[in-house]
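2 protein chains.
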Amino acid sequence: MKKNLLILVLLFSFIGIQAQENVDFSKKKEIISPEINADNTVTFRLDAKNAKEVKVQGDCIPEGGFLTKGEDEIWTLTTKKLNPELYSYSFYVDGVKAFDPNNAFLIRDVSTVVNVFLVGGGKADLYKVTDVPHGTVAKRWYHSPKLESTRRLTVYTPAGYENGKQKYPVLYLMHGAGGDENAWMELGRTAQIMDNLIAQGKAKPMIVVMTNGNADQTATPGESSEGFVKPIFMRPATFAGKTEAAFGDIIQFIEGNYRVKKEKAARAIAGLSMGGMHSLVISANYPNTFDYVGVFSSALLQPKDSQAAVYADFTAKLKAQRDNGYKLYWIGIGNSDFLFEKSNEYRKLLDSLQFKYEYHETSGGHTWSNWRDYLSEFAPLLFQ
Amino acid sequence: MKKNLLILVLLFSFIGIQAQENVDFSKKKEIISPEINADNTVTFRLDAKNAKEVKVQGDCIPEGGFLTKGEDEIWTLTTKKLNPELYSYSFYVDGVKAFDPNNAFLIRDVSTVVNVFLVGGGKADLYKVTDVPHGTVAKRWYHSPKLESTRRLTVYTPAGYENGKQKYPVLYLMHGAGGDENAWMELGRTAQIMDNLIAQGKAKPMIVVMTNGNADQTATPGESSEGFVKPIFMRPATFAGKTEAAFGDIIQFIEGNYRVKKEKAARAIAGLSMGGMHSLVISANYPNTFDYVGVFSSALLQPKDSQAAVYADFTAKLKAQRDNGYKLYWIGIGNSDFLFEKSNEYRKLLDSLQFKYEYHETSGGHTWSNWRDYLSEFAPLLFQ
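For the protein sequence lines, the chains are A and B, in the order given. When we follow this note's numbering, the leftmost residue of the first sequence carries the number 48, and every step to the right adds one. When we follow this note's numbering, the leftmost residue of the second sequence carries the number 48, and every step to the right adds one.
Everything labelled a hint here was simulated from the structure, so no lab data went into it. It is possible that some hints are incorrect.
Computed list of lysine-lysine pairs in DSS-like fashion (alpha-carbon distance at most 27 Å, straight line) [what the hints assert, rightly or not]:
#1 99/A x 96/B
#2 76/B x 102/A
#3 212/A x 308/B
#4 102/A x 116/B
#5 99/B x 96/A
#6 277/B x 96/A
#7 102/B x 277/A
#8 116/B x 96/A
#9 214/B x 251/B
#10 116/A x 277/B
#11 308/A x 212/B
#12 311/B x 374/B
#13 102/B x 128/B
#14 374/A x 170/A
#15 308/B x 309/A
#16 249/B x 308/B
#17 212/A x 309/A
#18 96/B x 277/A
#19 308/B x 251/B
#20 170/B x 212/A
#21 351/A x 193/A
#22 96/B x 116/A
#23 102/A x 277/B
#24 277/A x 311/B
#25 214/A x 212/B
#26 128/B x 277/A
#27 116/B x 128/B
#28 128/A x 277/B
#29 96/B x 102/A
#30 99/B x 99/A
#31 214/B x 214/A
#32 102/A x 102/B
#33 403/A x 311/A
#34 102/B x 96/A
#35 96/B x 175/A
#36 364/B x 311/B
#37 277/A x 127/B
#38 96/B x 76/A
#39 116/B x 99/A
Chain A extracted, bound-state conformation (with noise of 0.2 Å):
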């Protein structure tokens, strides 16, 4: 039976040459790359010949790096000792951005498709898939009466919701600017996170909604009638205040259509850069809504003389936010984030407001590195 099978496999990955459209069966000697080594450095392998040149540049190099060719022809870099983390890079092939062929996982960010990989231990263990129970994550379509239009959301129920009777508290989680309701799932590692947090006792059983934050957007590039749209940072919506004035139409959808527990202490709000600024106004709107309002490398970012109302009377907002009460209000930011003033000044009012809140600073910047490590510190302070 083996032989046989052996020439079927031969015959078929033969044929497969003109089998399967895209697929490289003519692979003479097998390239790893990204190859993470035992270490914790990384090697990088490209096949270029003709090349003058190759670079990789990426967060797990950011000064950039040029292979050398060795005398298999083969360009190849080792980084220095990486600490955990989900990292990302780019080669640029003669000044060329290329991205590497022996690497399937690209994530996009805004409009630029990055080559991923990660180091694994400490923080980082809780991105990667593990053999615990998975939660779902579906792509959704709800109806917003007040933005006019059917818009998509991701939603992680957690494992045991379908089969269970229990009812959930939910988070709902915003992206910043460029981003949509794919970009926590993508960049954020979400569903990782919440299902090793969950199965290891860390964080509570939770729902958490990842809406798109564009008010213009109905739903991610490529996902909605206006097709493959290049994605882009600034929209024209930004700044107009309607993500937080129809957030009203999201709650009422979820919690029309999820076994949740609709009260106060079981609903949480948080999000990063422009999402940060959506959960801060959100829940200073809907000031007896949420317990829990996390604020990640954000502030008041609106202009100053918006006419939207969301952004009107703001102080007197937060002092009802503040005497009406919650449970936790989380701000994180990085100490060489272009927002840190920024935070620094929010901090500012809250003080003179005697509004009470956690403050986690750390290094670094405006990164998903923050984010994601960030996510993971909040969660398991929900809904205790």
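Put chain B on the given structure of chain A with help from the hints.
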């Protein structure tokens, strides 16, 4: 207000350079690539000043084509007029594969990642996201006692499923070698095809279950505890008969967890290539289970002396399936497919048994273009 907003946007964009990793704010000149022109030609553009040669290749330009450098130093090529289709392509810069930095849309096909674009009109309008009610797409895990593993699948529930009481029929849709539970969604445009066919009244609302047919793999690469492993075309367990033997676990999971009609008349199974073989083998081994069978670009592919019980006494199983009856047995294949002769052989076997089938011969080969087409033809025939 507008002036202040503009200042803020500019500030945000400027400091954004250091702000969001991977996001390139430094572009001087906006390059549109690919541009789908009014006459259905497509223009590719690439900024690669130092390159000596830039080539584009893909199913939109199978013979490949060299771009020419204009006075503005941008390389361009315009294709001939293209038929409606979802197309893929890659650039080759001085012989090194590069992807189009101005096109954020990529799809992985086994271990190869390619840029994609869509030329609308005709059948390709079914592949577009349109403003019709959208189904929900969930990535969910189930336990397979027979395979002794917890495994991932994709479930499309049609618009209205969550808010109704109606019970739905189910189409089980299986990928080919090298594919997984994501393939029919990403390369096959299943959600778009089903949304559009259902909205047009051409197909009955149905649940579509896209399984992982690799018995030795629990989920698509990157979504299992194996980590970011390189996807391979021919897995060791491909012809071991395990996927077919364990299929009852999937039916049991779906019928135990979704609002579905649990009857032969409400079950369909179809697949492409390896998945076509799975479909015909499963439907013969569960002879009173499926009223609808779709065999796309496939045949009996397993080694003739395989010891797996699901392949044994196959003629007797087909006779039993014939005698039990069914509503539709649909065979689709392209006349330049490398399995065309194998498919003819299989039809001769069916003919010799007076086993009725519908035969749909097309041009083309073993391609996703055909498989999207076959799904679009097959789905309207189901559950009528």
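Unsatisfied constraints (hint numbers, rising) | Failing hints, ascending: 15, 20, 24, 35 and 38.
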